[in-house]
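**Student:** Add chain L to chain Y, keeping to what the hints say.
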Amino acid sequence: MDKIEQVGTTTASVTVIRPTRGWIPVNLRELWAYRELLYFFTWRDIKVRYKQTLFGFAWAVVQPLLMMIIFTLFFGKLAKVPSENIPYPLFSYAGVLPWTLFAAGLDRSSNSLVQDANLIQKVYFPRLLMPLAGILSPLVDFAVAFLILIGLMIYYGYYPSVMMFWILPFLLLELLLAAGLGMWLSAINVEYRDVRYAIPFLIQLGLFASPVVYPVTFVPERFQAVYGLLNPMAGILEGFRWAILGTKPPSALLIASVAIVLVILISGAFYFRRREKAFADIV
Amino acid sequence: MSDIAIRVENLGKLYRIGQFAGYKTVRESLNSIMTAPFRLLRQKGDRRQKTGSSGLQSPVSGRANTIWALKDVSFEVKRGEAVGIIGRNGSGKSTLLKVLSRITSPTEGRVEIHGRVGSLLEVGTGFHPELTGRENVFLNGAVLGMKRAEVERKFDEIVAFAEIEKFLDTPVKRYSSGMYVRLAFAVAAHLEPEILVVDEVLAVGDSAFQKKCLGKMSNVAGQGRTVLFVSHNMPAVQNLCRRAILLDNGHLTEDSETNDVVATYLKSGANELLEQRWHDLHTAPGNENVRVVYAGISTTSEQNSHHITVETPVDLGFRIVNFRPEKLLWFNVLLYNQENICVFSTASRPQAFPKGIVGGVCHIPGHLLNDDIYMVRLLIHFQGAEGVDVNNILTFEVHDAGEREWGWYGKWTGTIRPHLEWSLESVNGLS
Chain Y
1 MDKIEQVGTT
11 TASVTVIRPT
21 RGWIPVNLRE
31 LWAYRELLYF
41 FTWRDIKVRY
51 KQTLFGFAWA
61 VVQPLLMMII
71 FTLFFGKLAK
81 VPSENIPYPL
91 FSYAGVLPWT
101 LFAAGLDRSS
111 NSLVQDANLI
121 QKVYFPRLLM
131 PLAGILSPLV
141 DFAVAFLILI
151 GLMIYYGYYP
161 SVMMFWILPF
171 LLLELLLAAG
181 LGMWLSAINV
191 EYRDVRYAIP
201 FLIQLGLFAS
211 PVVYPVTFVP
221 ERFQAVYGLL
231 NPMAGILEGF
241 RWAILGTKPP
251 SALLIASVAI
261 VLVILISGAF
271 YFRRREKAFA
281 DIV
Chain L
1 MSDIAIRVEN
11 LGKLYRIGQF
21 AGYKTVRESL
31 NSIMTAPFRL
41 LRQKGDRRQK
51 TGSSGLQSPV
61 SGRANTIWAL
71 KDVSFEVKRG
81 EAVGIIGRNG
91 SGKSTLLKVL
101 SRITSPTEGR
111 VEIHGRVGSL
121 LEVGTGFHPE
131 LTGRENVFLN
141 GAVLGMKRAE
151 VERKFDEIVA
161 FAEIEKFLDT
171 PVKRYSSGMY
181 VRLAFAVAAH
191 LEPEILVVDE
201 VLAVGDSAFQ
211 KKCLGKMSNV
221 AGQGRTVLFV
231 SHNMPAVQNL
241 CRRAILLDNG
251 HLTEDSETND
261 VVATYLKSGA
271 NELLEQRWHD
281 LHTAPGNENV
291 RVVYAGISTT
301 SEQNSHHITV
311 ETPVDLGFRI
321 VNFRPEKLLW
331 FNVLLYNQEN
341 ICVFSTASRP
351 QAFPKGIVGG
361 VCHIPGHLLN
371 DDIYMVRLLI
381 HFQGAEGVDV
391 NNILTFEVHD
401 AGEREWGWYG
411 KWTGTIRPHL
421 EWSLESVNGL
431 S
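Listed in order, the protein sequences are those of chains Y and L. Counting with my numbering, you get residues 1 to 283 for the letters of the first sequence. Counting with my numbering, you get residues 1 to 431 for the letters of the second sequence.
One chain only, chain Y, in its complex shape:
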């Protein structure tokens, strides 16, 4: 079928609906107008997440904590993976924390459109809100789990400093990456449910392809830029560790990561907009 799109231009409350063709950019003004709905979708995801669970929000802490303990036993104690002279539990938790945020955001946003298919078929709103809410809602878990990080740091004698604020740009970069991938995958998922099955596998694979249980320096110097291009999470995780623990500062790897994040984000936005018009018909 022809690629058909519809433009809804709202000027002085006159809406014109007609088919259009080609690539159209994200309508930022419209997104802004719908910011309250984005808030409500995010809020709903957070509210519903731990409903009818015994441990409630404790799950936000238990998951990364258990991962850290397992990694410490297997990689720290048994395999003796180097950790840049930082106690391995602290080292791995500083990697697990941002990784969990990324994995949860990717998972929720990729499935967002399919999960709310009913909404998409019955109400109009910018569809982009759904994967975006999927990215934002795990931030609450992140904040809770972050408290454990502070505790660990104090326990191991790494006192938090103003350097910590450097995690903010890396956090932003991570959210942008998750948003870019989320837009791609959620739109593909509408048409091909394979995505649903591929995601858990990709997340598992990504965990070991990223410097979570090992330091970035594991990868030889001359492959670092390539590593950053292939896995943009590498630069982001490296930045997180640097801001939190003062390890090796971000390098060429980061530039490669930033570049690839932008490519994924922009292409994802255009792809999403192109497919958006057919969502209600095929989801």
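Warning: the hint list may mix true and false statements.
Under the rule of at most 25 Å between Cα atoms (straight-line distance), these lysine to any residue pairs were calculated in the SDA-like manner [stated by the list, open to error]:
(1) 355/L to 401/L
(2) 71/L to 20/Y
(3) 51/Y to 293/L
(4) 173/L to 42/Y
(5) 47/Y to 128/L
(6) 51/Y to 129/L
(7) 147/L to 38/Y
(8) 47/Y to 132/L
(9) 211/L to 222/L
(10) 47/Y to 71/L
(11) 51/Y to 71/L
(12) 77/Y to 246/Y
These aren't lab readings, by the way, just hints derived from the structure by calculation.
**Tutor:** Okay, now just chain L, sitting in the frame of chain Y:
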């Protein structure tokens, strides 16, 4: 400002039939990409062969895989007007509403909408079962396009309208279906768009609540706001809208006063199969024992025979050719409704008939069937010989009669709708 609220010009929406079949997997897509060139070759080859031999066309062509859910639809709605949209299932009503509410995009044509549109294609859209009533009011309000401040301002009014004050902080999954629907409609009813698009929401709730909803909707229309109302429910459309549009097969076939359009709609009966004849004994359904040659529906209603209402007695008539004079045979009719529920099964007394044509009529009294579409299945049984089973031999629609004393316009609940005797008396009056 102009007094036009909605202007629709040559609107068309093309669906690929494959899309209805659901989502694909990557493998299927890859497969179709891989085989596409071969398919093309094969089709070319086929065509060459076909022109040489028979005149048959290949049933699968590019065009056969698409359907126009809407085609060349044009109309205008003035501000403050309430317009009903009626038509059979699949006539394009819902697609039209979806295009107007920007849920799906048109393939061709143009729509101009003056003012904010609130669309209610389903009550409770966006309700989350785990959230409480209070939380869902805010969520649902936001989904329907209300600002948070607006919801806060109307919150008490919404809760009072829904009559669920006591259960505000209970998750809606614990609500009864009536409470759920009341709350959902209450939120929707407090939307204040300039244009309200409503699809079949009256099919829910109890009688008193329905009355309330209908009242609310005529209020909306009365306040100079525009209402587009889609329904299968003719009494409700007639009550609410002065003007109506009839859609048939994606085309707008009538745009006029509601009563006229409803009359046309009821007469058309396009889904029905009221009569079937088989002239060739060899192809007629059956076997060497029996062949069915005729099936037909007749009514004793003094109006046109196509218009069957819940009050109309219906006769199902059949003719068969019997080849086994020595055997006992009996007719058996099973009636299925649209949900494929067997409404009843009825059989004639076993009898032996001479070789030749046997006629049978099954009388269905009035005031028995509910408004629905019914499919007739006919079985002819023999004692000690193979009979015949014809599914969907007839299809007919029973319409709502329209006259009701209770002010209730929703679908009458129940598989059947018998007219039963009641006796009421005052047992102990208070003086």
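**Student:** Does the structure break any of the earlier hints, and which numbers would those be?
**Tutor:** 1, 3, 10 and 11
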